[in-house]
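Q: So the protein sequences, as listed, match chains A and B. Be aware that the first sequence starts at 1, since it is given in our numbering, and climbs by one per residue. Be aware that the second sequence starts at 1, since it is given in our numbering, and climbs by one per residue.
Keep in mind that the hints were calculated from the coordinates and are not lab data. Be aware that a few hints might be false.
As a list, the in silico BS3-like pairs of lysine-lysine whose alpha-carbon atoms are at most 30 Å apart [unchecked claim]:
| hint | chain 1 | residue 1 | chain 2 | residue 2 |
| --- | --- | --- | --- | --- |
| 1 | B | K192 | B | K299 |
| 2 | A | K42 | B | K170 |
| 3 | A | K42 | B | K123 |
| 4 | B | K139 | A | K15 |
| 5 | B | K173 | A | K69 |
If you only want the chain B side, here are some residues facing chain A, beta carbon under 10 Å, derived [said to hold, decoys possible]:
| hint | residue |
| --- | --- |
| 6 | P113 |
| 7 | N118 |
| 8 | Q122 |
| 9 | D293 |
| 10 | K299 |
Since this is a predicted model, take the numbers as computed values, not measurements. The beta-carbon is built from N, C-alpha and C at its ideal position, and this holds for glycine as well.
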Amino acid sequence: MNKQKHILSLLVDNKPGVLSRISGLFSGRGFNIESLCVAETKEQGISRITLVTSGDDMILEQVKKQLNKLINVIKVLDFQDKPSIYREMLLIKVTAKASYRAEILRIVDIFRCKTVDVGPEHYTIEVTGNDDKIQALLNLLKPFGIKEIARTGTIALARESG
Amino acid sequence: MKTLKDEGVDTIFGYPGGAVLDIYDALAHTDINHILVRHEQAAVHAADAFARAKSTVGVSLVTSGPGATNTVTGIASAYCDSIPLVVLTGQVPRPLIGNDAFQEVDIVGITRPCTKHNYLIQKTEDIAQIVKEAFYIAKSGRPGPVLVDLPKDIINTKINYKAPTAIDIKSYKPTYNPNIKQLKRIVSLLKKSERPMIFAGGGIILSGASQELIKLAKKFQIPVTTSLMGLGAFPGNDPLWLGMIGMHGTYRANMSSASCDLMIAIGVRFDDRVTGKTDAFAAQANIVHIDIDPTSIRKNINVQVPVVGDCKKTLMRLNEILEKESFDNIETKRTPWLEQINDWREAQFMAYDQKDIIKPQYVIDKLHEMTQGNAIITTEVGQNQMWAAQFYHFNRPNRFITSGGLGCMGFGLPAAIGAQVACPDELVIDIAGDGSIQMNIQELATAVQFNLPVKVLILNNQYLGMVRQWQELFYKKKYVWTQMECAPDFVKLAQAYGASGFRASHPDEVEGVLQEGLETKGPVVMDFRVAQEECVYPMVPAGAPITEMLLV
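Looking at chain A on its own, in the form it has when it is part of the complex (with noise of 0.2 Å):
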């Protein structure tokens, strides 16, 4: 059986508790949260909660049947299936020490992220991207010392037949 990484998109009743349910459901049952991201849509009184979980096919199935079941949950999106468009935002604290400032800099420059803040010796990046860009700047950052990472965890939406 395969693991593999899932991002759920739910739409949920802007009631209080409704977090604390699906979190609930989660630790009750063993399923595993990986990310989790939630705010408001443009429509009163619901909001959209976007999750990583990961699993096989059996537990995914689980998931999705479980969460449906809540009197919250009004829809079950798994993005698996069609083509999409995901994005995370991070803030980086990276060391940035005079011998290698500009590297740095030059690294910021070919990814297209920000750098937000500086000090003597550090620099914070603000970027956004899919899994694989953002994978590969933390990948170029970390021989030099990361200090701190912020991230909103993925949120996505499905890309419009076309």
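Assemble chain B onto chain A, guided by the hints.
A: Just chain B, lined up with the frame of chain A:
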């Protein structure tokens, strides 16, 4: 109160307290019947049994804090067994919530994993709508307990009553009608099958689908087994009845499951007590799984034909489709299979040998004989529960009320009370063990106060029977803390509460005590001193395939 009346509530099981004083005050002005229990856990168990016996939604009312936490076990049991309940809990006034107030707990947080849904009401204006919604959620789709938390200041506020609107929850739309294509697949599998069987469960009883099940089974001569929760869905005196399946099921039911080529599973969830080792379960069969809850399907066992739908509606449609099909020679086709099952039945692995000590199985056997299998039986948990399931044969649904999924000791007596309130003219018997009965023994007071003539039958072996059995079979007979010492004299205890008590210590006394106990008016406790080291057989050890049974 008005919303409750509009929902058809005629009985509430409850226990008052500070946070619900206003509700109790209002209760006095209605004609809703209230049964005062002696422990909030009993209030929920009684409402649970009331719901099962009467096929309606059970209602409990308790106060905040400890009152609410005492209901958690009862709620969890109803959740595991999918019983429609609405539990109303008082709560501290809204400004005090989250402030560690007196008798405050976050009961919504605590019961989130064990309720179908729950609510904390934030505005008085919402009460009617939310309570109505709670009832709808409790009884629709796969039923379950719903908790409504009522802060005291919200109940205290006076507003004009505004009738709730019709319920339409866009995020909750259960599927009742089956997919016809799937039903046609069942028909074609049934035509080809030589060794079919039906495995029915609690879903049949909740859906009221017993008649449709009987029609299907008898028309096509398909042998039927049920889970613990399904007992009574199919008549126990019918030749097609295989007995219960699973860890303590009958030999022929378990063997049939391994040899059948088609298993039609209806209203079941393939619990581990039934399947044993999952990859060995019904290994030769194509499995059809009909259930209203999609999460039950393919959760434990992979099935070939899943059908999401209400049991009754699905079986009705299936029977309709089958009417139009032609099946030839059902009798001859089925004969070898039915003969094989008969051979297994002859093996009689539930025999017991009674000499000078009362055997617990004998007590149940005699009880069944004397009541002609017509009583409503509630049970506690453990050996008493298993012997009741094995030796009391049920011919109708809604007669066997037990805590199946959670297996909660202390369920039986409050459940008997709830069932008696639901069916005042029926004989209601609680089959208990000496351990279990002590967990909610205080409810004898409830039975006496409301003149509920429940009959408590204690199989008294002075041990925590089922645990002792496991210690005997798997822990080299090391009986660690399973001796129930210092139990009270149950006869005297019954009398202290104002009930009647009888004891039998020798096999010759059994029939007499049963006779007197069942005929005495009012609540009765019958203490049967039974063999101490008796085991429930057959038994499938945990994790083994269900064909590998330990036999007597």
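Q: Has the given pair, K139 of chain B with K15 of chain A, been kept, meaning a C-alpha gap of at most 30 Å?
A: Distance ~23 Å between K139 of chain B and K15 of chain A Cα, so the pair holds.
Q: Are P113 of chain B and chain A close enough, Cβ to Cβ, to be under 10 Å, as the hint says?
A: 5 Å, holds
Q: What's the verdict on K173 of chain B and K69 of chain A, does the C-alpha distance respect the 30 Å limit or exceed it?
A: 9 Å, holds
Q: Using Cβ atoms only, decide whether K299 of chain B comes closer than 10 Å to chain A, and label the hint accordingly.
A: This hint holds: K299 of chain B lies near chain A, its Cβ roughly 6 Å from the closest one there, short of 10 Å.
Q: Using the nearest Cβ pair, does N118 of chain B come within less than 10 Å of chain A?
A: 8 Å, holds
Q: Are the Cα atoms of K42 of chain A and K170 of chain B separated by 30 Å or less?
A: Judged against 30 Å, a Cα distance of about 17 Å means the pair holds.
Q: Take a quick look at whether K192 of chain B and K299 of chain B sit within 30 Å of each other, Cα to Cα.
A: 27 Å, holds
Q: Taking the least C-beta to C-beta distance, is D293 of chain B closer than 10 Å to chain A?
A: Status holds, d = 7 Å.
Q: Taking only the CA atoms, is the gap from K42 of chain A to K123 of chain B under or equal to 30 Å?
A: 26 Å, holds
Q: Using the nearest Cβ pair, does Q122 of chain B come within less than 10 Å of chain A?
A: 8 Å, holds
The structure meets every hint from the earlier list without exception.
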